[in-house]
Every structure is written in structure tokens, then in C-alpha cells.
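Trainee: Read off the chains here:
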Amino acid sequence: MSHFIIAPVVLPALIGGLIILWMRHDMLLQRVFSTAGSVLLLGVSLYLAYYASGGDIFVYRLGNWPAPFGIVLMLDRLAALMMVLTAFLGLVVQLYGIGSGWDRKGWHFHALWQFQMMGVMGAFLTGDAFNLFVFFEVLLIASYGLMIHGGGGLRLRAGVQYVIINLLGSTLFLAALGTLYAVTGTLNMADMAVKVAEMPAEDTALLRTGAVLLMLVFAIKAALVPLHFWLPSTYANAPGPVAALFAIMSKVGVYAIIRFYTLVFPGDSVVEHIIADMLLPAALITLVVGQIGVLGGRHLGRVAAMSAVASIGTLVIAVTMFTPASIAAALYYTIHSTLSAAALFLIADMVAARRGGELWLSLRPKIRDSGLIASLFFMTAIAIAGMPPLSGFIGKLLILDVTRPDPWWIGIWSTILVTSLFAIVGFGRAGSTLFWLPFQLQRIERQAEAEGRPRPQGPIPPKLEPDEHIQDIEDAVSPAMTFVSTGALLAGLVLLTVFARPAMQMTDAIAEQLFDPAPYVSSVLIEQEGAR
Amino acid sequence: MEALVAIAIGAMTAAGVYLVLRLRTFPTVIGMTMLSYAINLFLVTTGRLAVDKPPILHGHGNLTDYTDPLPQALTLTAIVISFGMTAVVVLLALGAFIEGGDDYIDMPESDRRETGGDHE
Numbered sequence: 001m002s003h004f005i006i007a008p009v010v011l012p013a014l015i016g017g018l019i020i021l022w023m024r025h026d027m028l029l030q031r032v033f034s035t036a037g038s039v040l041l042l043g044v045s046l047y048l049a050y051y052a053s054g055g056d057i058f059v060y061r062l063g064n065w066p067a068p069f070g071i072v073l074m075l076d077r078l079a080a081l082m083m084v085l086t087a088f089l090g091l092v093v094q095l096y097g098i099g100s101g102w103d104r105k106g107w108h109f110h111a112l113w114q115f116q117m118m119g120v121m122g123a124f125l126t127g128d129a130f131n132l133f134v135f136f137e138v139l140l141i142a143s144y145g146l147m148i149h150g151g152g153g154l155r156l157r158a159g160v161q162y163v164i165i166n167l168l169g170s171t172l173f174l175a176a177l178g179t180l181y182a183v184t185g186t187l188n189m190a191d192m193a194v195k196v197a198e199m200p201a202e203d204t205a206l207l208r209t210g211a212v213l214l215m216l217v218f219a220i221k222a223a224l225v226p227l228h229f230w231l232p233s234t235y236a237n238a239p240g241p242v243a244a245l246f247a248i249m250s251k252v253g254v255y256a257i258i259r260f261y262t263l264v265f266p267g268d269s270v271v272e273h274i275i276a277d278m279l280l281p282a283a284l285i286t287l288v289v290g291q292i293g294v295l296g297g298r299h300l301g302r303v304a305a306m307s308a309v310a311s312i313g314t315l316v317i318a319v320t321m322f323t324p325a326s327i328a329a330a331l332y333y334t335i336h337s338t339l340s341a342a343a344l345f346l347i348a349d350m351v352a353a354r355r356g357g358e359l360w361l362s363l364r365p366k367i368r369d370s371g372l373i374a375s376l377f378f379m380t381a382i383a384i385a386g387m388p389p390l391s392g393f394i395g396k397l398l399i400l401d402v403t404r405p406d407p408w409w410i411g412i413w414s415t416i417l418v419t420s421l422f423a424i425v426g427f428g429r430a431g432s433t434l435f436w437l438p439f440q441l442q443r444i445e446r447q448a449e450a451e452g453r454p455r456p457q458g459p460i461p462p463k464l465e466p467d468e469h470i471q472d473i474e475d476a477v478s479p480a481m482t483f484v485s486t487g488a489l490l491a492g493l494v495l496l497t498v499f500a501r502p503a504m505q506m507t508d509a510i511a512e513q514l515f516d517p518a519p520y521v522s523s524v525l526i527e528q529e530g531a532r
Numbered sequence: 001m002e003a004l005v006a007i008a009i010g011a012m013t014a015a016g017v018y019l020v021l022r023l024r025t026f027p028t029v030i031g032m033t034m035l036s037y038a039i040n041l042f043l044v045t046t047g048r049l050a051v052d053k054p055p056i057l058h059g060h061g062n063l064t065d066y067t068d069p070l071p072q073a074l075t076l077t078a079i080v081i082s083f084g085m086t087a088v089v090v091l092l093a094l095g096a097f098i099e100g101g102d103d104y105i106d107m108p109e110s111d112r113r114e115t116g117g118d119h120e
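Heads up: the sequence lines are chains A and B, in that order. Residues in the first sequence are numbered consecutively from 1, following the numbering used here. Residues in the second sequence are numbered consecutively from 1, following the numbering used here.
These are calculated hints, taken from the structure and not from any lab test. Bear in mind that the values here come from a model prediction, so they are computed numbers and not experimental data. One or more of the hints may lead you astray.
Restraint-style ranges between C-beta atoms, simulated for each label pair [as the list claims (entries may be wrong)]:
no., chain 1, residue 1, chain 2, residue 2, range
1, A, Q505, B, E109, 32 to 40 Å
2, B, F83, A, I274, 32 to 40 Å
3, A, W409, B, V17, 35 to 43 Å
4, B, G84, A, L62, 39 to 47 Å
5, A, A276, B, E109, 34 to 42 Å
We put the beta carbon where it would ideally sit given N, CA and C, even for glycine.
Work out the full structure, taking the sequences as your base and the hints as a guide.
Mentor: Quick look at the structure:
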């Protein structure tokens, strides 16, 4: 058991390396190995989740160096849940990437994919703040490659913007870590929790600075307003499957907020009140900005990106309450929003493939498979907007429920409810423009033909520049596979709805474990050979 | 010495932020480099400034008498990572310049407006 904890990091690293070294020129081998790797990763994550579900905390000391001097990997329920979610999303979206032919539009798609998985898994597992930084860099550098996969002027431009924002974020991360190290003298998260708890309240000025800097970093990763400006262009211009995978990346930021502010800066410390006071308004504004973006978006990719921003807002509202129930609700909503946002990006990509690579919300002739895609879009939109019967409704209900004790609950409730209306109208408009109006257009044309009038000149699809790399349905290896993988994400949402009660029991158990950090700390620091 | 180091960090940070805000790729790359220098220097100082002290305890000497080695290890890692990242930015910026024709960082008009496929 003990050595399995590092498997989610080592496995993708090995497979990614193998793909680069020996399979560079063989797409079939790359696909087979990469998919097999993702399946194995999902298996390992489920195995680890099974072990962690008992409530024990497993520690893996790299090189068997004693903590806090060595680096530790930690496996608890939260890490296990996030790993299973990532592995499932990674596998399904990768199948989409293969089915849609995206993976052969540039170099090293599968290798980068594996490295991305390695970074995300490592970020969830690590128990060391500096290693969190390192794994963030690993996942980011892979995401830079994936983001510009396929090339094209616009995508490269968006890629430069994305890289620079993230580099600034990394710089800030180092500054935050440096500040925290200067105050606590440690980078091990469990040890830091002990040091912070021992610190007299009047000496915490620098500590608070570090904590706020750290929160800024995580807010950049999570795209909280006002640090969200990088997200819309990045996600709207990234290849479809990559944007879908990025749905988990913003959740890494939220994960880090939950981890740090329950473990290192827990409940009664001075730090957390500042954080909660700053996070709540930011989250509310994020939600409003995101949903207005959904309402006003003229490009389906941007609508999807703004809905991802809005979902982060909703999620962080629940996180800022910092009670076990609110964290449990937030985790439930994390699963829901990751799956639904990924599904929306995949659907957007399917539409783009059939419209010559463009997604502007304007009238175009009817696309192929319009009915099927429209029904998938309808389901996803219902889930994201939080309409019954899908899991978005349950998630929003839970979040409304946990915000009740807050003195500002009226404001929070009205923000969540009113912005849900924005989302419904926005998605309704996008869906009718993309799927419904083309039918009307077709009908008018047929009518004109029957009456012997000349066919009205419908809109002509745009002419694309020859060098623009676009997604085209003719490139698809297997369109059926794209539908299956999108369907798998939606099936995940349906399962989350049907098994809402067991899912809530699971997230409740996770929250309970998070709010009792003593076993976490003791399993790192005390239960080791030669304990101090 | 503390003042000198603090001024150096502050000056480099200010220069870095100014250059990044120019929104052209070349100044931004230089600005990022400046920023990472500032941060690396800052990281070194997080273990307190101690001159002429051994980095590793030798024979259980006096506890006040050593330099903290950890920030130096962190700085080394940070330097390596920032080198790699700078290389990535330079390549990307070059690619964007060649494909897009200019070196602005903010998105072009065609990203926000429907252009009928007529990019740029």
C-alpha cells in the first residue's frame, strides 16, 4: 500500500516519457499507451480512494527523510476525491481528443496530457508548500503546450497572455512562500500548521501578509474576479478537449484554498477572518461577472468560459463560510461544475467542428447531427444553470442552505438566484441561435422553394484563412467516440444527481476530516521513526 | 546591508512590474526576468541575512551561528524553473509574433468581434 501513494505521480511521468522517447512518430501507439495510462491512473486513484475512505491518513516520505525536513506526500479523503475526479475527467476528455482528431493537429499531445495529469495529481497529493509550487509549475508548463496545441495566430496570442499571467502568479507564489517561510521557518504544511497555531496573535502581521499573498495566487489560478481576465480568451481559444481539461485546473486553485485555510490557517486564527472577508465579496462579484458574461457572450467558447468563471464564484461562496457543511457543499459542487463545464467545452468543440471552426452566435445553416448535439447542450445548460432535475440544482440548493447562518444571507441568496436567471436566459439564447434558428431558416428556404420563389440568400459560412488550423468534422477519427465521451461526462452528472445522498455523505466525511487537522499533523510529524 | 538588499529587491520589482505593464512581449519578457531576480533575492533573504556563517551546523555549534541552507535550495529550484519558463515565453512570443504579425500581448480585435472569419 505505502508505495502506491506515489503511483499517480510516477505513472503519468513514466508514460509521458515513454511516449516522447519511443512513440514520437507513431500516433496509434501513442493513443494506445496514453489511454492505457489514463485507465491505469483511474484504477490507481480509485484504489487509493478506497483506502482513504476509511478515514486514515497515509503519508509517503520521499527518500524516507523525516518530516518536516524531507518532502511528504499525503493521502487523505479530499486528495483522493480530487484525484478520482481528475483521473475520470482526464480519461474521458482524452478519448474525446482522440475521437475528434485533435491529438494529431500538433506534436506531443499525449505526452503533454500525461505530464499535465502528473502535475495535477502531484498538486493534490503533496504535503509540502514548496512542492505545491513545483507541481503547479509542472501542470502549468504542460498546459502551456496543450493550450497552443494546433497553433494559429489567435491561439498563440492567447497562449502568450496565459503564460505571462501564470508566470506572474508563480512569482507571487514564491513571494508568498518566502514570507511564510520567513515567519514560520518551515514549508511542510503540517509543521506550518503547528507553528502558526503556536504563534502569539500580536506577532502575526507578516504571517497575515503571507496568507493574503497566497490567497491571491490561488485566486489567480481559480480565476476569481478581479484576477479572472486571463480566462475567457484562454479557454475560448484553447482546443476543445484542452479547455475541458482546464475545468479541473481552476479547481486546483480552489482545492489549495480549502487545504491551506483549513489546515494551516484554521478556524479561530486571525488570518482566516481576513481571508473570508475578502473572499466572499470577490466570489459574489465573480458570480455576477461570470453570469453576465454568459448572458452577453457572442461566442459559444466565451459563454462556456464565463460560465466556468461563474461556477468558481458559486463554489467559493460556499468555501468562504468555512464550516464543515459549507465545505461539503462546495466539494459536491466542485464535482458537478467540473463535469458540467468540461461537457460544455466538448459540446462547443463539436459545434465548432461542424461550423468550420467558428463559434460566433449568429445564424448559420443547420449543422450535422444538430438534434443530438442540441439535446446534449440542453442537458448541460440545465445542469450548469442549476435547474432541476440535474445535480446543479442540488448543488445550488446545498450552497443556499449553508449560507443561511451568514448575516449577509439575503444578499448571497439574491445574487445566486438572480444570476441563475441570467444563466438560463444566456444559455437559452445561445441554444436557440445555434440549434433552433437554423431549423427555421431551413423551413423558410423550403417554403420559398415550394412556392417557386428564389431561395432567400442564407448566411454564407465564413471563408477561413488557409493557414488557420481549424477543427473540422472531416478530421474526426470517430465522431461516435466524441459523443460517447461527452455522454460519459453527462452520465457522471446524472449519477451525481441520482446518488446525491451517498455523494453528500462522502463529502461530509471529507469535510469532517478537514476540520480535524490533528490526525493529519500527527501522522506527518509524530508517527514517524525517530519522532521528535 | 538590510537596507541595500531591500532597495535592490524593491527597485527590481518596480522595474519588472513597469516592464510587464508595457503589454509588448519583449519588454514583458525582460520584466519577468527582473521580477524573478527580485523574487530570488527575496527568497535568499527569507532565511535571515547572515554573512560569513556556515550553512550547515557543524559539531552542534551555537544555534545563532549559521546560515539557513533551505532558502538557498529553494532559490536554486526557483532559478531553474524561471529559466525554463523564460525560454517558453520567448518561444511563444516569437511564435505569436510570426503568426500574428505584432508583439502586443492583449487580444486583437478579432477575438472580441465577429469578423466573418477574416482574422486579423
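Trainee: Kindly confirm whether 35 to 43 Å is satisfied by the beta carbon distance between A:W409 and B:V17.
Mentor: Because 39 Å falls inside the window, the suggested range holds.
Trainee: When you take the CB atoms of B:F83 and A:I274, is the distance between them in 32 to 40 Å?
Mentor: holds, 35 Å
Trainee: Holds or violated: 34 to 42 Å for the Cβ distance of A:A276 and B:E109?
Mentor: holds, 40 Å
Trainee: Quick check on a hinted range of 39 to 47 Å for B:G84 and A:L62, using CB atoms only.
Mentor: violated, 22 Å
Trainee: Verify the CB-CB distance for A:Q505 and B:E109 against the hinted window 32 to 40 Å.
Mentor: The hinted range 32 to 40 Å is violated for A:Q505 and B:E109, with Cβ atoms some 51 Å apart.
When held up to the earlier numbered hints, the structure conflicts with 1, 4 and fits the remainder.
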